[in-house]
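Undergrad: In the UniProt record's numbering, the protein residues as written are 1 to 97.
Calculated directly from the structure, the hints in this document are not laboratory data. By construction, the Cβ of each residue, glycine as well, lies at the ideal position given by its N, Cα and C atoms. It cannot be assumed that every hint is accurate.
Derived CB-CB ranges, DEER-like [said to hold, decoys possible]:
#1 ALA61 to ARG86: 27 to 37 angstroms
#2 MET63 to ASP87: 30 to 40 angstroms
#3 GLY91 to LEU40: 15 to 25 angstroms
#4 PRO93 to THR67: 26 to 36 angstroms
#5 LYS76 to GLN44: 12 to 22 angstroms
#6 SER25 to THR55: 28 to 38 angstroms
#7 VAL49 to ASP78: 12 to 22 angstroms
#8 LYS80 to ASP58: 10 to 20 angstroms
#9 PRO26 to LEU65: 18 to 28 angstroms
#10 ASP95 to LEU65: 33 to 43 angstroms
#11 LEU65 to GLU92: 27 to 37 angstroms
Simulated crosslink set (DSBU-like; lysine-lysine; CA at most 35 angstroms straight-line) [stated by the list, open to error]:
#12 LYS62 to LYS50
#13 LYS50 to LYS76
#14 LYS80 to LYS50
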Amino acid sequence: MTSKFSIPKKSGVTTQMHYSFFPGSPRWGSRNDELTFAFLPENQLGDSVKGVFVTVFDRWAKMTLFTFTQTTSYTKTDIKIGFYSRDHGDGEPFDGV
Numbered sequence: 001m002t003s004k005f006s007i008p009k010k011s012g013v014t015t016q017m018h019y020s021f022f023p024g025s026p027r028w029g030s031r032n033d034e035l036t037f038a039f040l041p042e043n044q045l046g047d048s049v050k051g052v053f054v055t056v057f058d059r060w061a062k063m064t065l066f067t068f069t070q071t072t073s074y075t076k077t078d079i080k081i082g083f084y085s086r087d088h089g090d091g092e093p094f095d096g097v
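Turn these sequences into a full structure, and let the hints guide you.
TA: See the structure below:
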């Protein structure tokens, strides 16, 4: 995801900022409007926690062109939902500091 926006300075000169949130600036495919989601089985989340996500995806579906379907195949789903601690691959571990 790339975002571009301008910040006006007091001098009247506009500075343009460029950000890239994901390496290579990946784009959605033209027909990626039917998305699946799954929960990390090891988290053993209760129905009340899962229900929050289901409610949110239902609301998004009403306001966007996306549809969201829950699946049990965590490895093959589009959206992976999990709660992690320690190292998770970006060099900034979740360690409470």
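Undergrad: So, for every hint listed, does it hold in this structure?
TA: Comparing the hints with the structure gives:
For ALA61 paired with ARG86, a C-beta distance near 34 angstroms keeps the hint of 27 to 37 angstroms intact. Between MET63 and ASP87 the Cβ separation comes to about 35 angstroms, which falls inside the hinted range of 30 to 40 angstroms. Taking the beta carbon of each, GLY91 and LEU40 are about 21 angstroms apart, inside 15 to 25 angstroms as hinted. About 35 angstroms separates the C-beta atoms of PRO93 and THR67, a value consistent with the hinted range of 26 to 36 angstroms.
A beta carbon spacing of about 20 angstroms between LYS76 and GLN44 agrees with the range 12 to 22 angstroms that was offered as a hint. Distance hint check for SER25 and THR55: the Cβ-Cβ separation is about 31 angstroms, which falls inside the suggested range of 28 to 38 angstroms. The beta-carbon spacing between VAL49 and ASP78, approximately 20 angstroms, falls within the hinted interval of 12 to 22 angstroms. For LYS80 paired with ASP58, a C-beta distance near 19 angstroms keeps the hint of 10 to 20 angstroms intact.
Restraint check, PRO26 to LEU65: a C-beta distance of roughly 19 angstroms satisfies the suggested window 18 to 28 angstroms. Our hint of 33 to 43 angstroms for ASP95 and LEU65 holds, since their Cβ atoms are close to 39 angstroms apart. Between LEU65 and GLU92 the CB atoms are about 33 angstroms apart, so this pair conforms to the stated range of 27 to 37 angstroms. About 19 angstroms separates the Cα atoms of LYS62 and LYS50, which keeps this hinted pair within 35 angstroms; it holds.
Taking the CA atoms of LYS50 and LYS76, the gap is about 18 angstroms. The hint holds against a cut of 35 angstroms. Distance hint between LYS80 and LYS50 is fulfilled; the C-alpha atoms sit about 12 angstroms from each other, no more than 35 angstroms.
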